[in-house]
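**Student:** Spelled out, the chains give:
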Amino acid sequence: MNTIRRRFQPEQIRELVLIALIIGILIFFGTQIDNYFSPRTFTRISTSVAVIAVVAVGQTLVILTRNIDLSVGSIVGFTAYIVGTILSINNDIPPVAVVLMAVAMGAVMGSINGLLVAYGRVPAIIVTLGTLAIFRTVLVEISGANSVLTNELPRWLVNLPPVNAFTLGPLDIRLLFFLAVVVVIIFQLVVSYLPWGRRLYAIGSNPDAARVAGFPAQRIIFTAFVLSGALAGLGGFMFLARFGNITVVAGQGIELQSVAAAVVGGVNINGGLGSPFGAFLGAILIDVLDNSLIRWLAISEFWRDALLGLLILLAVATDTVIMNRLRKVWARHELQVSGDGEPPVEKGGAGYAA
Amino acid sequence: MRPDWSIFRRWEGLLLILLILIVGYNALSTPGYLTVGNWVNLFQLSIEKIIVALIMTFIIINAEIDLSVASVMGFSACMMGFLFAGGMPMEWAIAGGLLAGFVAGLFNSFWIGIVGLPSLVVTLAGLIGYRGLAYVLLEDRSIGEFPAWFDRLGQQPLIGPFPLALIVFFVLLIFAIIVLQYSGFGRYVYVIGNSKDVARYSGVRVRRTKMILFVVSSTVAALAGILYAARLGAVRGDMALGFELDIITMVLLGGVSIFGGTGTMWGVLLSVLIILNLRNGMGLANFSGHVQTGVIGVLLILSVLVPNLAGTVQAALKRRRARTVEVVAAE
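Which chain is which? The protein sequence lines are A and B, in order. Okay, so the first sequence: first residue is -11 according to this note's numbering, each after it adds one. Okay, so the second sequence: first residue is 29 according to this note's numbering, each after it adds one.
Watch out, some of these pointers could steer you wrong.
[Stated by the list, open to error] To list a few chain A residues with every Cβ distance to chain B over 10 Å, as calculated:
#	residue
1	P82
2	V110
3	T119
4	V151
5	L163
6	L314
[Stated by the list, open to error] If you anchor each label on the Cβ, the simulated ranges turn out as follows:
#	chain 1	residue 1	chain 2	residue 2	range
7	A	V309	B	D266	33 to 41 Å
8	B	D266	A	N23	49 to 57 Å
9	A	S36	B	V64	51 to 59 Å
10	B	Q183	A	V96	18 to 26 Å
To be clear, the hints were calculated from the coordinates, so they are not data collected in a lab. C-beta atoms are modelled at their ideal positions from N, C-alpha and C, and glycine is treated no differently.
Let's have the full structure, built from the sequences with the hints guiding it.
**Tutor:** Written out as structure tokens, the structure is:
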């Protein structure tokens, strides 16, 4: 037991539990659905998880600081639509410029949120509820209710979703999924090791203490919102690549899905706890459930939202009830260790913030 | 005696001025604007949201939030439609719909009050889950053909020019004002919103108050959902989708702090009137529904940003004045 305690932090155990849960669900549906364990299932789930995962990582950064970004759904729709329109007018823009354009567009919208929250001292839930409506309104107005059509887009973009980054045995790792994984890894490293990332946890755990300690809290919160917007912009590009046909309501509901992914993945809604990797696992769990319920014949596919709601509740309930108890065990153990004169246990892991 | 102008420095005063400006503009530009018929119409178009905004005021003053109300509206109405389509008499189907809302409220308050989860998460799960249950009940069907008396209750005036929903709203409004502003329970709601810990140490039953509020919230939402069904004459799984944002906006614009503890029912009433008249005025001036939503979004942000900035400026002025006084005193 002591070795386990020394090796893992409670949050890492939580992520292991999440992985075990995903595997359990996969095994369960494997017995229920014919031909479930096929490369096609993997391709289907990995393709649809990519967009949500990228947006959920940005959402995680914001939630870590005890804020929330409800405007991401409109940012995804906005960038997907505008980038799509620009591309259908001019097919020759190089791909890298297209991605940068989407990210920059998202970052600008995120910076509006960040300015109002960090420097205008308006609560994040109010700002992003407002911008959720405002960004969508601007989109509807400038679009004139036209749609982006697949056949107007450049060929490279339309052909992007089936492109493989590489293959792993029979499994195809799609480029878009690979991109999402890269984003998750980068931000996992950022919040684990960079001072900026550690300060996100500090601000979220105790804003007053962080301010007293002299952290530039306003600037850090501002940057978190800009990054959330930028990642939502990237998500918008991936959305465009995946669907091709974009209407003005594109991306509606992604704000709640990203919050759900983060919360199921163990990101505490009150800030200071959780990690991008956890949010990624949360997104996968939700998507596996979603994709499998559609194919499961025992119950109607209409059950999926009801079950998803229950899943979120159970995930958060385990988080508060069980994790609080685990953390107490860990803390007591550390006290004992330091009481014996031994050096205190090394504190690692992105989740460690309490 | 000098007149007391202090009301205009309060939030409600600002709202009142804004309301008078908007109504004045509408009345001058549209003949027949100030008739009872037009105002009944005005209310009737979003009466269900307004009814739910009353109880949402309690919840937000209590420093909680209920994101699940719109889904509960849809769920209860679908439950009613489901029972009716299954051959139950309409009266029992309505009771079943209300019961569904009551149970949803019990479920929410169990997780919030007993397990102790944040209401934002519980009701976010409810927002997804109850909507899901509505789809489970009706799948992609639509159920209509309700008895004629039910549709008539939703669409025709009941007493004088007022339809049932409007009468329900007035009764609930008076009740809400009395409970929130003039009763012990209302004081508890404020005290808990200001500081949960102080309230608990003072012997206020925090958990019970919160649980009552969430049960009432879902039950009122169920009632609103059924009134909505009566007005539309049919129910579908996606009924009232996205209403929670409009409802919360109404409350926040009324000067209720998202952190709890401040705000009044009067402010919310004024903000409801402003939103109704603004939407109506913009509708008459041929702005689309999307623009109206956008403008209300801007208004929502400004409603917090402007007082914040004003506070900053005021503090800076005070500091400068204090410094001047010091300099003068030193000389």
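**Student:** Against this structure, judge whether each hint is valid.
**Tutor:** Going through the hints against the structure:
no. : hint                           : in the structure
1   : P82                            : holds (34 Å)
2   : V110                           : violated (4 Å)
3   : T119                           : violated (7 Å)
4   : V151                           : holds (33 Å)
5   : L163                           : holds (30 Å)
6   : L314                           : holds (16 Å)
7   : A:V309 with B:D266: 33 to 41 Å : holds (34 Å)
8   : B:D266 with A:N23: 49 to 57 Å  : violated (33 Å)
9   : A:S36 with B:V64: 51 to 59 Å   : holds (53 Å)
10  : B:Q183 with A:V96: 18 to 26 Å  : violated (46 Å)
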